[in-house]
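FYI, full-length UniProt numbering numbers position 3 of the sequence shown as 3, with every residue one higher than the one before it.
Treat the hints as calculated values from the structure; they're not laboratory data.
Do not rely on the hints blindly, as some may be mistaken.
Cross-link-like lysine to any residue pairs, in silico, SDA-like; alpha carbons within 25 Å at most [to be verified]:
1) LYS25 with PHE54
2) LYS25 with LEU13
3) LYS25 with ALA7
4) LYS25 with LEU39
5) LYS25 with GLY45
6) LYS25 with PRO38
7) LYS25 with LEU10
8) LYS25 with VAL42
9) LYS25 with PHE9
10) LYS25 with ARG14
11) LYS25 with GLY8
12) LYS25 with LEU56
13) LYS25 with LEU46
14) LYS25 with VAL63
15) LYS25 with ALA11
16) LYS25 with VAL41
17) LYS25 with SER35
18) LYS25 with PHE52
19) LYS25 with ASN37
20) LYS25 with VAL57
21) LYS25 with ALA48
Computed spacing ranges between beta-carbons, pair by pair [said to hold, decoys possible]:
22) LEU17 with VAL59: 35 to 45 Å
23) ALA48 with LYS25: 35 to 45 Å
24) GLY8 with GLY49: 33 to 43 Å
25) SER34 with MET58: 13 to 23 Å
26) ARG24 with ALA50: 16 to 26 Å
27) LEU46 with GLY22: 11 to 21 Å
Since the structure is predicted, the reported quantities are computational estimates derived from the model, not experimental observations.
Here a beta-carbon is modelled for each residue, glycine too, at the ideal position from N, C-alpha and C.
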Amino acid sequence: MTATPRAGFLATLRAVLWSFIGVRKRQDYQQDASSLNPLAVVVAGLIAGALFIFTLVMVVSWVTASP
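Turn these sequences into a full structure, and let the hints steer you where they fit.
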């Protein structure tokens with residue numbers, strides 16, 4: 001049995017960002033499931049989630065700012 005090489009952090013981040021959108025082919029999902037490190041997925045998810053929330057807070061504060 002051949003070991004599947006582990007994906008790098010950028011590949012993990014790309015997979016997490018695709019999961020935020022919710023669009024993923026089954027073949028890509030299966031490849032990700034066999035090559036992604038679960039700890040890297042959690043870290044990438046936390047980073048992406050924090051950036052998303054930060055962006056939302058900044059947009060809302062910019063829109064609601066007094067002239």
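Taking the CB of LEU46 and the CB of GLY22, does the distance hold inside 11 to 21 Å?
Holds - the Cβ-Cβ distance for LEU46 and GLY22, about 19 Å, lies within 11 to 21 Å.
Need the status of pair LYS25, ASN37: alpha-carbon distance at most 25 Å?
Holds, because 19 Å separates the two Cα atoms, which is no more than 25 Å.
Hint says 33 to 43 Å; check whether the CB-CB distance for GLY8 and GLY49 agrees.
The hint (33 to 43 Å, Cβ to Cβ) is violated, given that GLY8 and GLY49 are roughly 20 Å apart.
Straight-line alpha-carbon gap LYS25 to PHE54, limit 25 Å
Violated. LYS25 to PHE54 sits at ~29 Å, over the 25 Å cutoff.
Would you check the hint for LYS25 and ALA48, treating anything up to 25 Å between C-alpha atoms as holding?
Judged against 25 Å, a Cα distance of about 21 Å means the pair holds.
Is it true that the CA of LYS25 sits at most 25 Å from the CA of VAL57?
violated, 32 Å
Between LYS25 and ARG14, is the straight-line Cα distance small enough, at 25 Å or below?
holds, 14 Å
Holds or violated: are the alpha carbons of LYS25 and ALA7 at most 25 Å from each other?
holds, 17 Å
If you draw a straight line from the CA of LYS25 to the CA of ALA11, is it 25 Å or shorter?
Roughly 15 Å between the alpha carbons, so the hint for LYS25 and ALA11 holds.
Using the Cβ atoms, figure out if ARG24 sits within 16 to 26 Å of ALA50.
holds, 22 Å
Verify the proposed pairing of LYS25 with VAL42, using a straight-line Cα cut of 25 Å.
holds, 21 Å
Going straight from one Cα to the other, do LYS25 and LEU46 come out at no more than 25 Å?
Status holds; Cα separation ~23 Å.
When the structure is compared with the earlier hints, violations turn up for hints 1, 12, 14, 20, 22, 23, 24, 25 and for no others.
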